[in-house]
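Protein chains: 2
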Amino acid sequence: MNEKLIAVNDSTIAGIGRLARYFGFAEVMGRLFGTLLMSPEPMSLDDLAAQLEISKGSVSMNMRALERWGMAKEVWMRGDRKKYYAAEHDLWQVIRNVLSSRERREVELALQVLGNSVEKLQSAGDELSPADRQLAEFYLERIADLQAFFTVAQMALETVLGSDESVDFDAVTKIEIG
Amino acid sequence: MNEKLIAVNDSTIAGIGRLARYFGFAEVMGRLFGTLLMSPEPMSLDDLAAQLEISKGSVSMNMRALERWGMAKEVWMRGDRKKYYAAEHDLWQVIRNVLSSRERREVELALQVLGNSVEKLQSAGDELSPADRQLAEFYLERIADLQAFFTVAQMALETVLGSDESVDFDAVTKIEIG
DNA sequence: CTGTACGTTCAAAATGTTTTGAACGCAGGG
DNA sequence: CCCTGCGTTCAAAACATTTTGAACGTACAG
Chain A
0 MNEKLIAVND
10 STIAGIGRLA
20 RYFGFAEVMG
30 RLFGTLLMSP
40 EPMSLDDLAA
50 QLEISKGSVS
60 MNMRALERWG
70 MAKEVWMRGD
80 RKKYYAAEHD
90 LWQVIRNVLS
100 SRERREVELA
110 LQVLGNSVEK
120 LQSAGDELSP
130 ADRQLAEFYL
140 ERIADLQAFF
150 TVAQMALETV
160 LGSDESVDFD
170 AVTKIEIG
Chain B
0 MNEKLIAVND
10 STIAGIGRLA
20 RYFGFAEVMG
30 RLFGTLLMSP
40 EPMSLDDLAA
50 QLEISKGSVS
60 MNMRALERWG
70 MAKEVWMRGD
80 RKKYYAAEHD
90 LWQVIRNVLS
100 SRERREVELA
110 LQVLGNSVEK
120 LQSAGDELSP
130 ADRQLAEFYL
140 ERIADLQAFF
150 TVAQMALETV
160 LGSDESVDFD
170 AVTKIEIG
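Just so you know, the sequences run in chain order A and B. Quick note on numbering that gives the first Met the number 0: the first sequence kicks off at 0 and runs consecutively. Quick note on numbering that gives the first Met the number 0: the second sequence kicks off at 0 and runs consecutively.
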């Protein structure tokens, strides 16, 4: 294979690995995804292990993770008992998968915790000393800021997730933050 | 201090620590930021080390990182040679700081690498065997997808960064992805 | 039924990251 | 000038994550 093609392949895979790490995934996962993305044909576990020079065990585990994240799909090749994988090459689909299964949970959890805190602070009203009462007020303000932040994040998320095929920012228009 | 207030303080700090880790920062950094955010008064390095039960060295290093990220500011307290810090409590300002110094660089780097790849592939045109030429075509397609992705990311980023005081999604309206 | 070619698992090893604390430097007070 | 109280630094230790590879299970071919 031509040297320049190899160079392009390598830097793309390295870049996607970097990106993956950036998004909080294992870097190898990113490299596996990148390798598949830059392969015109589905690849077997052994192909992947050979190309990236990593152990087969690692490939096995990471590919299953990629599958769970909706970033790669198993491909059936008849007359071959190997497993073949192909990358989900619609990047918007990948983003949507990740946002919907990971970021959404995270935001919802945060909002829930903050809601609990507000309740706790309000229910504490009576039993507080004057100094504590002032502190509770302060906490409520800060928590309100956090809630505003996560609420915007949630709206943005749901909008991106609601869009199909293309990301459509129209519906996010006019979110105002105090 | 009231038990409920302590609980709220703890869970908020833990949550912000978690969020920080999520965003690719050290978790301690997040806890330090959270501690400051939930403190009505600026705090000294020793205060922070004591409250979080971590070493002073760690506080020193992490606070300077927080300062560089624009997440915390040093506060001058007269008649005291200690350093005091306060959190930047405008969360949108924090986001803007992070986006503009970290994510923007990352996106620009990615676009640059992709651009180089395209050039390399085009310049390789003549010297390629028919099979390689086909592969080069394939690479160009995939790279175009990646470029589209990062370009949208860049537009979104610049829009958020361009907004002042409040995040204004109006200008991001109608970004279409092929 | 047996052998082979695969994928999976997981404990141990390798590697990477974070935390600590002792050593140091520096400023100000006495 | 020396002492004290502070912040900083960085090597070593503690800790966490990732990677490996040998052992195992399974399915299929012969």
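Simulated from the structure, these hints should not be mistaken for laboratory data. A portion of the hints provided could be inaccurate.
Where chains are identical, the list cannot tell them apart; a pair therefore holds if satisfied intra-copy or between any two copies.
[Said to hold, decoys possible] The list that follows gives simulated cross-link-like pairs (lysine to aspartate or glutamate, DMTMM-like), each with its CA atoms no further than 25 Å apart:
#1 K119 to D9
#2 K81 to E102
#3 K81 to E118
#4 K82 to E157
#5 K55 to D9
#6 K72 to E126
#7 K82 to E66
#8 K72 to E140
#9 K72 to E136
#10 K72 to D144
#11 K55 to E136
#12 K72 to E118
#13 K119 to E73
#14 K81 to E136
#15 K55 to E102
Practice task
Evaluate K72 and E136 at a C-alpha cut-off of 25 Å and name the case that applies: within, between, both or neither.
Solution key: between (51 Å within a copy, 23 Å between copies)
Practice task
Indicate which option fits the pair K81, E136 if close means a Cα-Cα distance not exceeding 25 Å: within, between, both or neither.
Solution key: neither (62 Å within a copy, 28 Å between copies)
Handout entry: Copy assignment of K119 with E73, given that the CA separation must stay at most 25 Å
Key = neither (48 Å within a copy, 32 Å between copies)
Exercise for the section: Measure nothing new, just compare the shortest in-copy and cross-copy C-alpha distances for K81 and E102 to 25 Å and report within, between, both or neither. Expected result: Classified as neither; 34 Å inside a copy, 40 Å across copies.
Problem - Alpha-carbon proximity between K81 and E118, which holds within one copy, between copies, both or neither at 25 Å - result: neither (55 Å within a copy, 37 Å between copies)
Practice task
Go through the copies and call it for K72 and E118: within, between, both or neither, with a Cα cutoff of 25 Å.
Solution key: neither (44 Å within a copy, 31 Å between copies)
Exercise for the section: Indicate which option fits the pair K72, D144 if close means a Cα-Cα distance not exceeding 25 Å: within, between, both or neither. Expected result: between (41 Å within a copy, 19 Å between copies)
Handout entry: Intra- versus inter-subunit Cα pairing at 25 Å for K72 with E126
Key = For K72 and E126, neither the intra-copy (57 Å) nor the inter-copy (34 Å) Cα distance is at most 25 Å.
Exercise for the section: Tell me, please, which holds for K72 and E140 at an alpha-carbon limit of 25 Å: within, between, both or neither? Expected result: Cα proximity of K72 and E140: across copies only (20 Å, versus 46 Å in one copy).
Exercise for the section: Check K82 against E157 for me: Cα-Cα at most 25 Å, and say if that holds within a copy, between copies, both or neither. Expected result: Classified as neither: same-chain Cα gap 35 Å, cross-chain 42 Å, threshold 25 Å.
Practice task
Give the relationship of K119 and D9 under a CA distance limit of 25 Å: within one copy only, between copies only, both, or neither.
Solution key: Cα proximity of K119 and D9: across copies only (13 Å, versus 53 Å in one copy).
Problem - Alpha-carbon proximity between K55 and E136, which holds within one copy, between copies, both or neither at 25 Å - result: neither (56 Å within a copy, 30 Å between copies)
Consistency note: the structure conflicts with the earlier hints numbered 2, 3, 4, 6, 11, 12, 13, 14 and 15.
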